[in-house]
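What follows is each chain in one-letter form.
Protein chains: 2
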Amino acid sequence: MSRSAHDSPRPASKEGKAMHPDLLNDNILKTQYAVRGELYTRAQELAKSGGEVIYTNIGNPQQLGQEPLVFNRQVLALLLAPFLLDHPSASALFPREAIDRARELLAAFGGRMGAYSDARGAPAIRQQVAAFIEARDGQPADPEDIYLTDGASVGVKYALNALIRDGNDGILCPIPQYPLYSAAIQLFGGKLVPYYPEEDAGWDLNLEALRGAVKKARAEGTVLRALAFINPGNPTGQVLTRETLRELIAFAHDEGLVLLADEVYQPNIYQDEKPFVSAKRVLREMGEPWASSVELASFHTVSKGMLGECGLRGGYVEWVNIHPGAQAELYKVASVNLCPNTVGQATVSLMVAPPTGDSEAARQYAKQYEDSLASLRRRAHVMTDAFNGLEGASCNFTEGAMYSFPRLHLPAKAIQAAKEAGKDPDTFYCLALLADTGIVTVPGSGFGQVEGTFHLRTTILPQEDVMHEFVDKLRTFHKSFMAKYKD
Amino acid sequence: MSRSAHDSPRPASKEGKAMHPDLLNDNILKTQYAVRGELYTRAQELAKSGGEVIYTNIGNPQQLGQEPLVFNRQVLALLLAPFLLDHPSASALFPREAIDRARELLAAFGGRMGAYSDARGAPAIRQQVAAFIEARDGQPADPEDIYLTDGASVGVKYALNALIRDGNDGILCPIPQYPLYSAAIQLFGGKLVPYYPEEDAGWDLNLEALRGAVKKARAEGTVLRALAFINPGNPTGQVLTRETLRELIAFAHDEGLVLLADEVYQPNIYQDEKPFVSAKRVLREMGEPWASSVELASFHTVSKGMLGECGLRGGYVEWVNIHPGAQAELYKVASVNLCPNTVGQATVSLMVAPPTGDSEAARQYAKQYEDSLASLRRRAHVMTDAFNGLEGASCNFTEGAMYSFPRLHLPAKAIQAAKEAGKDPDTFYCLALLADTGIVTVPGSGFGQVEGTFHLRTTILPQEDVMHEFVDKLRTFHKSFMAKYKD
Chain A
1 MSRSAHDSPR
11 PASKEGKAMH
21 PDLLNDNILK
31 TQYAVRGELY
41 TRAQELAKSG
51 GEVIYTNIGN
61 PQQLGQEPLV
71 FNRQVLALLL
81 APFLLDHPSA
91 SALFPREAID
101 RARELLAAFG
111 GRMGAYSDAR
121 GAPAIRQQVA
131 AFIEARDGQP
141 ADPEDIYLTD
151 GASVGVKYAL
161 NALIRDGNDG
171 ILCPIPQYPL
181 YSAAIQLFGG
191 KLVPYYPEED
201 AGWDLNLEAL
211 RGAVKKARAE
221 GTVLRALAFI
231 NPGNPTGQVL
241 TRETLRELIA
251 FAHDEGLVLL
261 ADEVYQPNIY
271 QDEKPFVSAK
281 RVLREMGEPW
291 ASSVELASFH
301 TVSKGMLGEC
311 GLRGGYVEWV
321 NIHPGAQAEL
331 YKVASVNLCP
341 NTVGQATVSL
351 MVAPPTGDSE
361 AARQYAKQYE
371 DSLASLRRRA
381 HVMTDAFNGL
391 EGASCNFTEG
401 AMYSFPRLHL
411 PAKAIQAAKE
421 AGKDPDTFYC
431 LALLADTGIV
441 TVPGSGFGQV
451 EGTFHLRTTI
461 LPQEDVMHEF
471 VDKLRTFHKS
481 FMAKYKD
Chain V
1001 MSRSAHDSPR
1011 PASKEGKAMH
1021 PDLLNDNILK
1031 TQYAVRGELY
1041 TRAQELAKSG
1051 GEVIYTNIGN
1061 PQQLGQEPLV
1071 FNRQVLALLL
1081 APFLLDHPSA
1091 SALFPREAID
1101 RARELLAAFG
1111 GRMGAYSDAR
1121 GAPAIRQQVA
1131 AFIEARDGQP
1141 ADPEDIYLTD
1151 GASVGVKYAL
1161 NALIRDGNDG
1171 ILCPIPQYPL
1181 YSAAIQLFGG
1191 KLVPYYPEED
1201 AGWDLNLEAL
1211 RGAVKKARAE
1221 GTVLRALAFI
1231 NPGNPTGQVL
1241 TRETLRELIA
1251 FAHDEGLVLL
1261 ADEVYQPNIY
1271 QDEKPFVSAK
1281 RVLREMGEPW
1291 ASSVELASFH
1301 TVSKGMLGEC
1311 GLRGGYVEWV
1321 NIHPGAQAEL
1331 YKVASVNLCP
1341 NTVGQATVSL
1351 MVAPPTGDSE
1361 AARQYAKQYE
1371 DSLASLRRRA
1381 HVMTDAFNGL
1391 EGASCNFTEG
1401 AMYSFPRLHL
1411 PAKAIQAAKE
1421 AGKDPDTFYC
1431 LALLADTGIV
1441 TVPGSGFGQV
1451 EGTFHLRTTI
1461 LPQEDVMHEF
1471 VDKLRTFHKS
1481 FMAKYKD
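Protein chains in written order, with this note's numbering: chain A, 1 to 487; chain V, 1001 to 1487.
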């Protein structure tokens, strides 16, 4: 946490440097960010020296070959080169629907993609997002409650920055968690308060464990401000049921917590039993007192789903039941950032309002979307089956999102060898995997895990034509690793 | 500043809300952001009710009709729709140079604009930026010291976040200043320490006043961390001479301060006597001990200059003489944000490496660029001449950047009327101007000014075909305002 002004002043420089690493903001120094940590650095070195590297450490679909949706890119190209809209040859390159959509979207930006928009994003796109949410949930949504952002993480940071006032303020996070949460909570000087979903129950919520976490934190003087959850789960891949969401919402109500609903993987669902249901929908369907009182922020992005447009940085947050005065403060913070990038905003529009009707463009879009989803579904099975086929590993099925998070039952000798190397056992395993195969994963310790358990996270994103080779490499490595350290 | 954990805990909710405006992070609540403050809100209301509004409150060139550089947009369109590169009809719509450049740039992103890049931006573009700086300064630049960002403000915030540790830490800022600085310093819980360039000397640095500011701040217990300056000036429009930059650099060296050089308007120069000279160049030309010791961060952007691509959010920061350990911390913070948007990154590439040689594309680019610069230069004259032609106003010439910042010598009766309305006198003037003419400006109080002086900031961006009408409106309003409140 920050020191306050009445503490004794800190040194202004060291070794002639004001910007000395020992003299920077403590919260930055304390922040850890595992997704691009030691494994990533080693992988970069390996790639530099000419080794083949397979990046399954980060949900970056296009990096591993997922093609962008063609219609979206046609529209974006026209938005950036609007002088093509009236060009006689344009129809040779762009379907009519893309040209029409580009005209419509361009108008949302006052005809100028290069101008700042409102800091919350272009009003017409915020309306489209509201319409998308209404259609998804069967419940009303207000464009005034929607802020477009440069990817979902910006929205998450707005919420955490506003909520965290000092080192007493705590945010409940599932463990394992996507490390944006641990990093941002530390950057803003708050406390991450862990709660543990149950691996043996398919990573479902354990309400008793959550209650225990709250009780313990409060006994230690922590002021709980919010509860974060990720649905579908990252890194754990579970999809939450309506019943679990009802429990979470009732709990947030009883305990006075803001719900931070990371719903960025909502289109990535790989089974039929548990469809995605939004927290907003459940909250409204529960009726009063929950419907109009439980504070909720829901985050979405163009980076995941079937768009996979990570590099374009587009997303939105919906503020539900948030005090208008607090929303005004969030608007002010957004204003200091001027505006979310307009291409990312346009991509949000294309995500929430895909082409419809009986056109060739709409048919092509639907086919590309459905093929991509079906392929991811197959890959979710291949990946989890592969891990479950390994001796000393077990893996819940990836019901949704983009990751498998197998548990590794490492032999005592491997744990001892890791200790001698000064590494966490799962980091030790992942480093060996990288060295042997070029596969970059993230150790479970980067997300947090129950003490004494070890995991790794891999994406399910290798394309199907290389997936079998990927699985073979993994299997061969695992066998030899386990044999080497056999008890 | 933040409270620390040993203070008594703050309430968790009020009126049933955890996210109640009284219970948010103090630094957010205290932050003010004038560029989109009361004037902007009133302007939006006016626009909604159908009134004509002229937005000169913000440097948003395309909003007022500046056309984007065609070549840049051709390349960006191709980057987003790479399937066009091999299309037989592409050459009907795109010049060969744009197609070649798009292929080259696409390779910098591994062929995928939709993939995350490195958090510091694509290495090949960071190399282009380094080459641009070398050519500009005649001094070496290292791509490892260059981070691409979503606009310059992100880089400014990285530096301030790292430097500010607690409420004792102070950042020297020129007053008047671009309110990003005051807002970000407040958001990070630090102290803005004002120093006052001299209006009567064309807003040149007053070294004695700066020394006085430092002495006073230190006597009050403030630990000074950095000195920010804006060259060319915003809102004040001055261009700093080499001599002034030498003074600033020597001062930073003697006082152990990091220099934060906001050089985003470096291409916007409207006179020949004082060309833009970068702080990096002067620092290196000064030789030792300054050349390899003075810590400097220089910020640049695609939002200004002749590109005016505000909406695309692209920029960079060059870290000069910054400790490698501190740079690693900055890289970590950037990693939590995943990566700057790839379209903004590509736009930075196009800014630093425009088309060259004897092609039609290069000629067209050069013509469009030069016409735009010449037009801005004429407008800088028209605007400042207009203010100097008004009774009770005086205005330094806009030597660079995009703004005029006239001083208003308001009559006592106007000041009294403002007081009765509960407004700052310059805000009172600007609100009346908006109500009468639809012209949106920003009062000097939003930037800070010497006590008892009153100013406003307007951009010089109205296009030339409407500039005379703009000036007429201004003149008519001013005359009637001054007559109304005549002493």
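In short, the hints are calculated from the structure, not lab data. Heads up, the beta-carbon is just placed ideally off N, CA and C, and yes, glycines get one too. One thing to keep in mind: the hints can contain errors.
Straight-line alpha carbon distances no greater than 25 Å define the calculated DSS-like cross-link-like pairs of lysine-lysine that follow [to be verified]: (1) Lys1215/V to Lys332/A; (2) Lys419/A to Lys332/A; (3) Lys48/A to Lys1017/V; (4) Lys1484/V to Lys332/A; (5) Lys30/A to Lys157/A; (6) Lys1332/V to Lys423/A.
Over the 12 Å line for every Cβ pair with chain A, so calculated as not near, a few chain V residues [claimed, not checked]: (7) Asp1022; (8) Ala1077; (9) Arg1112; (10) Glu1247; (11) Glu1255; (12) Gln1271; (13) Lys1413.
Do the hints match the structure? See the list:
Restraint check for Lys1215/V and Lys332/A: the C-alpha separation of about 33 Å exceeds 25 Å, so the hint is violated. Pair hint Lys419/A plus Lys332/A does not hold up; C-alpha atoms about 48 Å apart against a cutoff of 25 Å. Proximity of Lys48/A to Lys1017/V is assessed by CA-CA distance (about 52 Å); at most 25 Å being required, the pair is judged violated. A threshold of 25 Å between alpha carbons decides the hint, and for Lys1484/V with Lys332/A the separation of about 35 Å lies outside it, so the pair is violated.
Between Lys30/A and Lys157/A, the direct Cα distance comes to roughly 17 Å. Compliance with the 25 Å bound is thereby established for this hinted pair. A threshold of 25 Å between alpha carbons decides the hint, and for Lys1332/V with Lys423/A the separation of about 20 Å falls inside it, so the pair holds. A beta-carbon of chain A is positioned within 12 Å of the beta-carbon of Asp1022/V; the least distance is around 8 Å. Chain A draws Ala1077/V into its interface by the beta-carbon criterion, the shortest separation being 4 Å against a cut-off of 12 Å.
At roughly 4 Å, the least C-beta separation between Arg1112/V and chain A is not larger than 12 Å, which violates its mark as non-interface. Every CB of chain A is more than 12 Å from the CB of Glu1247/V (nearest about 19 Å), matching its label as outside the interface. Non-interface status of Glu1255/V relative to chain A is broken: a Cβ of that chain comes within 12 Å, the nearest being about 9 Å off. A cut-off of 12 Å between C-beta atoms confirms that Gln1271/V is not in contact with chain A; the least separation is 26 Å.
Against the 12 Å criterion, Lys1413/V stays outside the reach of chain A, whose nearest CB is about 34 Å from its own CB.
Consistency with the previously given hints fails for numbers 1, 2, 3, 4, 7, 8, 9 and 11, ordered from lowest to highest.
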